[in-house]
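Undergrad: Build out the structure end to end from the sequences listed, making use of the hints.
Number of protein chains: 2
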Amino acid sequence: MTVKQLTLPELADNCVEFGVPGVGLWREPVRSYGVPAAARLMRDAGLTVTTLCRGGFLTALAPGERAAALDDNRRAVDEAAALGTTTLVLVSGGLPAGSKDLHGARERIADALAELGPYAEERGVRLALEPLHPMFAADRCVVSTLAQALDLAERFPAEQVGVTVDTYHIWWDDRAPEQIARAGAGGRLLAFQLADWITPLPHGVLNGRGPLGDGAIDLRAWRALAEAAGHTGLIEVELFNEDLWARPGRELFADTVRRFAAHVFD
Amino acid sequence: MTVKQLTLPELADNCVEFGVPGVGLWREPVRSYGVPAAARLMRDAGLTVTTLCRGGFLTALAPGERAAALDDNRRAVDEAAALGTTTLVLVSGGLPAGSKDLHGARERIADALAELGPYAEERGVRLALEPLHPMFAADRCVVSTLAQALDLAERFPAEQVGVTVDTYHIWWDDRAPEQIARAGAGGRLLAFQLADWITPLPHGVLNGRGPLGDGAIDLRAWRALAEAAGHTGLIEVELFNEDLWARPGRELFADTVRRFAAHVFD
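Chains as they are written, first to last, in full-length UniProt numbering: chain L, 1 to 266; chain E, 1 to 266.
Check each hint, because a few of them may be wrong.
[What the hints assert, rightly or not] Just a sample of chain L residues kept apart from chain E, beta carbon distances all over 10 angstroms, derived:
| id | residue |
| --- | --- |
| 1 | Leu8 |
| 2 | Pro9 |
| 3 | Gly19 |
| 4 | Leu61 |
| 5 | Glu65 |
| 6 | Lys100 |
| 7 | Ala110 |
| 8 | Glu115 |
| 9 | Arg155 |
| 10 | Trp172 |
| 11 | Gly187 |
| 12 | Pro202 |
| 13 | Glu242 |
| 14 | Asp243 |
| 15 | Leu244 |
| 16 | Ala262 |
[As the list claims (entries may be wrong)] Computed footprint of chain E on chain L, listed as stretches where at least three residues anywhere in the stretch have a Cβ under 8 angstroms from a Cβ of chain E:
| id | segment |
| --- | --- |
| 17 | 127 to 141 |
| 18 | 208 to 217 |
To be clear, the hints were calculated from the coordinates, so they are not data collected in a lab.
Here the structure is a predicted model, which is why all the values come from computation and not from measurement.
All C-beta atoms, glycine included, are put in the ideal place defined by N, C-alpha and C.
TA: Pasting the structure below:
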């Protein structure tokens, strides 16, 4: 998504050119390209598909909407399995229109995980629940902290449900370091993503993530915490930013690789 | 601030007309009008000044900036005392330019409270530290949860430092209910403010608060929690919203009073 202006073949080429060994994919471009073809493309390029983003949006009250969401998540699991990734990132969903019941919405997520977890496990996929920044609690994700995400995940086997940690969403939280350790100790730290925090936030706040090193987040410190918790997987960079998407994709890719080396490692 | 288009005399008149017994004031209009004159105006109208907003911005690293901030906060304490309110709301401040050290910034707030607390107590004023929504952690307030605010406040006597609870900032936090109880039990729940959460957030996210009842927050439930924690003071409504400020002040005042009755009480 960081370089969404690239086609999937361009993305694979850029990864190979710049020595990036893996890539997190989003469902929409994968489905447009064709799931088997995308799987073949990444495999032929020697790339690991780190995660598929994303399933979720499991908070609907209406039975029809809820059934449709579960169906869609089962499809997402199938797509993840076909791509050869073991991790499907889930963004839980916000409050249904008119509802003020955060607790109820969180319980519906648990109900959905109970249905989806075994389905995913049978296909070798784990569900990686992602807490989103509290500014998204109403309209996108009622799971706002890593502690909440783990409280939900730990109701289920670690072979079924874990968490995604994204620095953009948790950097402000003084409890997050201990929660990363908790996730690691439980074998539930399934994905680790980086983005920096810059202000002012844009209208709608979705597409204002900062290039690595430009913002307030101590990326090295968070990387060290993930490592100390036993995270040995690849690290993703996930930026949503209109200004970045307006730049030539290859140049942005190269800049992101340079920033990753400069701001994430000592 | 909700009706900042009104002059202070208009504000006092509206309070009397609509039966609102008290008002939270901001420093800028009070200083423009003159502190003794504003105090007299509110007293003559029979109004309680619930709080003065705001002191704070105590995270500077440069010694000169830090000394200036402490001076300004002592002036804010003096103004609060002159207005006859016992509560000065503090917004702690964000990260200094270029800093990524949230912990250090939080410790500088504690250092400042150690200097300001006794000064305030001698003048009959308590400092009410306000956690702001995590979306303000970088640029406005490194204290992002009520638990953090209480962790800081409890290092000092309850006669010096307490907290402000604003639904807009804490509504997403599943730990906030227990923290309101903690604040009440410790005699530190000094101010209780209401605003609703609406989306999309505007550019800069500061002036997008929702009119009571229009958003995602269960205001009745939070009011009940504050009452259960022993809050017997007046409740403030604090909306920053460009659209509301563009409306005629008296009409907005009347609408806010109507919404307060409809959405806050059973």
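Undergrad: Which numbered hints does this structure break?
TA: 6, 10, 12
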